[in-house]
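A.B. asks: So you can see what is in the structure, the chains are spelled out below.
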Amino acid sequence: MDRKWNLMSFAVVLGLSEVAILILFGIFVDYGWDGTPVSLRGQFLHDSHGNPNYRGPGTSAQELSQSRVSIPDSYSMFQDVHVMIFIGFGFLMTFMRRYGYGGVGFNFILASLVTQWSILMRGFFEMPENHYRIRLDMNKIIAAEFSAGTILISLGVVLGKLSPVQYVIMVVVETVLAMVNEYIVLYLYGAVDVGGTITIHLFGAYFGLALARTIHRREWSTDMFNDLKYGTHYNDLFSMCGTVFLFMFWPSFNAALAVGDSRYRAIFNTYLAISSSVIGGFVTCWIVKNGKFTMDIVQNGTLSGGVIVGSVCTLYLYPWGSILCGLMAGVISSLGFHYVTPFLDRRWGIHDTCGVHNLHAMPALFGTFISAIVAACATPEVYGSSYFLLFPNFAPSNTSQDYFALKQIYPDLLPGSGRTPTGQAANQLASLITTIGIGLIGGVLTGAVSLR
Amino acid sequence: MDRKWNLMSFAVVLGLSEVAILILFGIFVDYGWDGTPVSLRGQFLHDSHGNPNYRGPGTSAQELSQSRVSIPDSYSMFQDVHVMIFIGFGFLMTFMRRYGYGGVGFNFILASLVTQWSILMRGFFEMPENHYRIRLDMNKIIAAEFSAGTILISLGVVLGKLSPVQYVIMVVVETVLAMVNEYIVLYLYGAVDVGGTITIHLFGAYFGLALARTIHRREWSTDMFNDLKYGTHYNDLFSMCGTVFLFMFWPSFNAALAVGDSRYRAIFNTYLAISSSVIGGFVTCWIVKNGKFTMDIVQNGTLSGGVIVGSVCTLYLYPWGSILCGLMAGVISSLGFHYVTPFLDRRWGIHDTCGVHNLHAMPALFGTFISAIVAACATPEVYGSSYFLLFPNFAPSNTSQDYFALKQIYPDLLPGSGRTPTGQAANQLASLITTIGIGLIGGVLTGAVSLR
Amino acid sequence: MDRKWNLMSFAVVLGLSEVAILILFGIFVDYGWDGTPVSLRGQFLHDSHGNPNYRGPGTSAQELSQSRVSIPDSYSMFQDVHVMIFIGFGFLMTFMRRYGYGGVGFNFILASLVTQWSILMRGFFEMPENHYRIRLDMNKIIAAEFSAGTILISLGVVLGKLSPVQYVIMVVVETVLAMVNEYIVLYLYGAVDVGGTITIHLFGAYFGLALARTIHRREWSTDMFNDLKYGTHYNDLFSMCGTVFLFMFWPSFNAALAVGDSRYRAIFNTYLAISSSVIGGFVTCWIVKNGKFTMDIVQNGTLSGGVIVGSVCTLYLYPWGSILCGLMAGVISSLGFHYVTPFLDRRWGIHDTCGVHNLHAMPALFGTFISAIVAACATPEVYGSSYFLLFPNFAPSNTSQDYFALKQIYPDLLPGSGRTPTGQAANQLASLITTIGIGLIGGVLTGAVSLR
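Residue numbers (full-length UniProt numbering), protein chains in the order written: chain Y, 1 to 452; chain Z, 1 to 452; chain U, 1 to 452.
Just to be clear, a hint being listed does not mean it is correct.
[As the list claims (entries may be wrong)] Label pairs and their in silico Cβ distance ranges:
no.	chain 1	residue 1	chain 2	residue 2	range
1	U	Ser417	Z	Ile169	53 to 61 Å
2	Y	Ser60	Z	Asn139	26 to 34 Å
3	U	Phe343	Z	Asn139	45 to 53 Å
4	Z	His131	U	Pro415	35 to 43 Å
5	U	Tyr132	Y	Lys292	42 to 50 Å
FYI, nobody ran anything at the bench for these hints, they're computed from the structure. Think of the CB as a built atom: it goes at the ideal place given N, C-alpha and C, for glycine as much as any other residue.
The whole structure should be built from the sequences, with the hints applied where relevant.
C.D. replies: Structure (structure tokens):
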């Protein structure tokens, strides 16, 4: 009976989660602007809750027929991100023979669960702006994929250490905490973080590391455990397939939610940063391994360039700045794999299955500092008409004289809080501390629950 | 001599088919509106055959310079569908060691042949509207990929059972029948079926099953035959790669030919349905297999959500409805694999190599019923300005008073047949019966020819 | 010490190359029009160097806010090309067990290096038009991927024959020569070559073949060397994965830099040509191998259709012409693999690891001749308003009467050189000779340097 329950608990918990999601979708979720027939879009215009999309009753017929988050603009990037989550993350884990097929399978189930669950959770935070409904649009499902990314990063730390039912519980809890953290960082602090360096990589990594520390068992550090996990030539090729898809589509990840000219910068900066981190990662691996490549180091080095520019990619980092960031990330991350991972395991009792500390935590830490520096250097001369679009808090408050003067030039300008560039830098750092804090506490608590 | 002919017949038949296609393309096929220089597009406007694209001689220079099926709107979805057909279907079949590489190879040849052949066959039905020419545009090549999908579904049933030359004959014959069925279902019955639940999944599955029944041989049911077909860990990973690409790009498949707001609903509904069918499929598999995943069941369960909403995805299924459909499809399909496939084999003499009955036939059957129900519930209040766009037959005929009243509101309204929602439901069911009928008869006849 | 240097030289050379790139990016490279905030785009309008994008100071606010190479138009094709370079080329090489993982790895490093390096090199040629800056836009990174393609074609010839540091040197030198050749062919000769039949396939192939000839060693021709290189069933499947991605996205490769109606023709022509070359390749392989497929022939045959129409795809090749070209390419290429490759090896001492002579050199040779023929047949009646867009040299010079007469009809017409269709054909052939010349000399010199 007990063994039967252990076996079946996974199916029961997973099935019940899905039924709960079904019920909550029935109560709260509806199609958004783009999925609503043109003649019925008027419902979105009766708004008294400060909806930023509100255009007032004077909206013309032509405006009604236009898309807000259009398929040509966002669909192909959405699909790229989708591939990163399901193929990229999934096959990245196949370098370990023991977890190969299971890794892909669990990646598949858990990501499917998170995307649905996070549409609800994120939607709850945005409900006051949306007539207390959750409205589906392209940005919502892109953001849902981002949440799946957060959770899969944590999964990378604890892969092979939890029971199936524990994975499901971890996923459900972490999604809630990730949404709380995202709300604080993006809405309360107004941090610049379009590619999720802070809300995705930093959060996911520290949550996972804290969880791994809490549930640590001595046998994971033995050679037997770790030797078994490495696979053959074919495992490496499957893993390379995941790595390369992540590499290729990272510009889409960082640019998917950016708009206007900053979206192009996000593409160019990420493209250059991740190409350079390939070089940085391979060179460092070659040196520390005395003229050889090893799969795990290569993967870490090559991808870290996408992580480090996640916050800063929409800003004026300049092409050379992207290359420098990428190169640094590749070097740091490869060194981290060679020196820091074994150290964390031996000294701190943190066993990190896929090396998440190197690929996500360290580059994200550096990337957040860089975002603070670049934000602190922002001037209206450099950013021109995008100054208040990229940093909406820099706009003066609507009680000030300046606001009305600026409104003459930029008719669409929304009032901000008159924040200075240094103030923005401080908020980037506050986001960093908050994210690490919530991540660590969340990970420890989830671990404590799992151990019972 | 005879052995030599047997070997070479495949090359001869395939080569001759391609030469025939070359000649027919030379006689009939030309570039369409978008591939024609702006100053020469006037030729498309001299029209006296009821061409729906006809805009009359008053067309302005600006209208001439605009695309009709533009690259930003349709190209990335076309490529997603392309990946589903060539990578998705191809690698899905690699879970069987025996057919692994051959499966991918035959998939590649046959899909290439069908896309070209179906451009001709579908084009013939549309020639009267196009000055007796076949005109290439993006929608034509998307539809060609859909036809390849139909044929590859049938291939899934009979994989490993025909000789190479028999595959080519099957493909050539089935494409013609699929086009006849599509013409009846979409043009004569006016069924709602943008994702091909009826014309692709139902037709392809029943054609293949009837063919398999006709050519059945006892030795296929032996354990020896079936045990041999399963592969290693690596085969499973390749197969998973195909599965995940099908999973990811299914929203593109269902939305590729939809337009306007219904296209967004197609994306959201398919995205939710297929994510839920992953959960439904895995849970069911875990239960019936006593706490294990098996590749074949997982594949069936996970993908069935895309099949079940193929007809209904553009309609107001609502997000919760999509999740419910997907969950049902995942459960039905996994149960089908565990219980129905062996039953079909033993009792009915239908050996179904890839389990097409579960992944395509059953979810498509349910999906068609659901489409009838949802269509029967359609009201102008819910669909607003999209009511007559989604259901063109609901428009009054141009002899009625209503038509001219409505024309005041919707200047682009084309006359319909005044069909009621219940009438639409009846036509969905008629399409189901017709499709199964043509599929079964076609499969039996093709099988009878193959046996000679 | 010496062994240590040999080992480390790769890391040193690669690292120094990246540092040099970083410095040059710092001096020269900046964001282009689309990546610049709207209010700062005025800087691009102060132009006195004949910039073709120059619109004058009368540019309206609306024109300033519009994208020039927009994301909806170009991003998804860029990503397709990106996948071809990193997954397609990378995994194509995995059919050889010995170079499998290393092939993918080196492909990854070298392509990342080339994309950055070629942005600089190509940018230098275009600097006079751009205020002596290199400006990033979407077309620049698509062109950078094309350059990576050129180099990876050469890599296919010499895979397994150079030391790591020699690969890096080859890549750096070849990129410079490829840019010089591209400048001569596209700007001086004004050749039509949007899909790179001449500048990419012909150049890359002959450079690689000349290099292979120069460094030839007798042991490469032994059976031992060549037998070892073939892999298992799984290697074939990985390789098939690369092949199919190249096959699927080739229409994006040929259409990525085309504009207007010619872009649609590029898609349709490439789609039909490559589907037909699949059939042509399989049929020929089946015949010459007596009823079997072999991986290497299949790969060559299937992809050659994309190569042969690279120059001609934007022109009026007509759908039947594309099928005919593809079919021919598939047959030629498969025959080449069976008969020509061993001959080149035995008689000429050219060992061609991946069969680049068949897949790239021969179809590109034929394709260039076809482009000359099709260009010679061009008439204003067939091309209409696209006549002077596709062949800008056909426009009369601005000293002639005709120019002002035509300018009445086409206000945007730029002055050309009054070239005739036959003149264009001559320039296509001149491009062929120049490209082969520079490729051969460059390959021999690079080889001579490598041997020291």
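A.B. asks: With reference to the structure, classify each hint as holding or not holding.
C.D. replies: Going through the hints against the structure:
1. U:Ser417 to Z:Ile169: 53 to 61 Å: Roughly 55 Å apart at Cβ, these two residues keep to the hinted range, so it holds.
2. Y:Ser60 to Z:Asn139: 26 to 34 Å: holds (30 Å)
3. U:Phe343 to Z:Asn139: 45 to 53 Å: Taking Cβ atoms as reference, Phe343 (chain U) and Asn139 (chain Z) lie about 46 Å apart, which means the hint holds.
4. Z:His131 to U:Pro415: 35 to 43 Å: holds (38 Å)
5. U:Tyr132 to Y:Lys292: 42 to 50 Å: holds (43 Å)
Checked against the numbered hints listed earlier, the structure breaks none of them; every hint is satisfied.
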